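K.L.:
Sequence:
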Amino acid sequence: MKLNNNTLAILAGGLMLSGAASAAQPQAKFYGLLDLWAGSIEKPSDQDNTAQLAGGGMSTSFLGARVDYKVNDEVTFFGVAEMFLRPDTGEDGRYNGDEFFGRNAYIGASSQTWGELKAGRTKSPFFIPMVVTNSVKDSFAFSPMMLHTFNGGNGGAVMGDTTWNDSINYTTPSVGGLKANLVYAFGEEEGESGENKVGGNLIYRQGGLVATVSAMRVREGTLNNGGGAGERGNIPGATDQDAAMAGLSYNFGVATLYGQYMTLETDTTAGDVDTDTWQAGVSVPVGPGNVLASYANSDFSGAVDYERDTWAAGYDYVVSSQLDLYAMYLHDDIDEVGTGSTYGVGARFKF
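Take 106 as the starting number for the sequence shown in the numbering used here and just add one per residue.
Please note: incorrect hints may appear among the correct ones.
What the hints assert, rightly or not - Here are the computed lysine-lysine pairs in the DSSO-like style, where the Cα-Cα straight-line distance is at most 30 Å: (1) Lys284 with Lys134; (2) Lys148 with Lys455; (3) Lys175 with Lys284.
FYI, nobody ran anything at the bench for these hints, they're computed from the structure. Note that the structure is a prediction, hence the values are computed from the model and not measured.
My request is simple: use the sequences and hints to build the entire structure.
P.N.:
Next up, the structure:
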């Protein structure tokens with residue numbers, strides 16, 4: 106057989122790549138976070154308080170595994186699988202019926218030049234902007250903004266959960282402190298390509314400043330493909346939703362101030378519902394930790410008409426980069442439903 110120069114070059118290149126692949130060694134790591142707290146919980150709809158030992162006071166507990174395969178100095182392929190768990194009972198998931206790898210499950214590739222592309226179950230474009238611009242971060246027990254945003258049994262109005270099934274997720278490299286993120290989730294409905302989730306965000310970091318904007322659209326067909334309490338939000342009969350938010354935080358040294366605004370337009374079986382939510386918070390360094398405070402207000406109008414006010418305060422004592430101890434109090438007031446107070450002390454351990 107006669108080989109031309111192009112064929113020889115392709116064969117030589119293939120052999121070189123094969124040799125590099127056989128020499129490269131994947132890097133694997135196991136990691137996680139365990140958060141337990143003891144205290145009392147009373148939601149506005151409850152008749153009385155309940156004393157409890159619970160998981161997820163300041164962060165939702167999880168276990169994760171990641172494998173990185175470095176192709177060259179520019180490109181790395183990776184795979185991630187992360188499961189939520191409840192350390193007070195040893196059960197998997199945030200609640201009964203949650204996806205097993207509910208936190209993340211994806212494969213992807215990253216490049217210093219082109220950014221990062223992931224496919225699988227990946228983060229909603231709303232979640233990270235919500236976390237970085239509120240003072241109590243990702244606490245589903247004590248963060249007013251998280252209770253007003255994502256549901257998970259706590260009355261949040263946003264549809265689509267914190268992580269999206271069947272999604273393609275792209276993040277640009279940082280340019281002057283600015284990153285962009287785009288997410289598309291297939292609804293996998295026969296003949297209904299428009300039944301999907303789509304959204305994105307911008308996050309800018311410079312010195313003590315963090316600024317972000319995010320928007321997303323959720324259509325009913327994708328909700329059947331997600332499962333779990335977090336998919337539909339708490340608005341009765343919700344079918345479709347358009348959401349947008351803006352957040353800002355600035356570290357002045359003596360304190361970090363936080364502010365957020367969110368607007369939702371929700372289609373329901375009973376008519377349209379408009380929701381306006383704002384949050385203000387502060388984190389003040391005191392001793393080895395931080396005093397935290399946050400207030401959120403949501404106003405619902407249209408087919409649903411009520412107001413919700415929630416505030417929280419507490420102290421997070423930082424023992425080390427792996428361990429912190431906290432004491433928190435939250436008060437929640439929903440018109441025509443009632444008021445409730447949740448308080449407790451806990452520990453968060455990262456590994």
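K.L.:
Indicate, hint by hint, whether the structure satisfies it.
P.N.:
Here's how the hints hold up against the structure:
1. With a CA separation close to 26 Å, the supplied pair lysine 284 and lysine 134 stays within the 30 Å bound.
2. In summary, the hint linking lysine 148 to lysine 455 is supported, as the alpha carbons are separated by about 28 Å, within the 30 Å threshold.
3. A hinted pair counts as satisfied when its Cα atoms are at most 30 Å apart, and lysine 175 with lysine 284 qualifies at roughly 23 Å.
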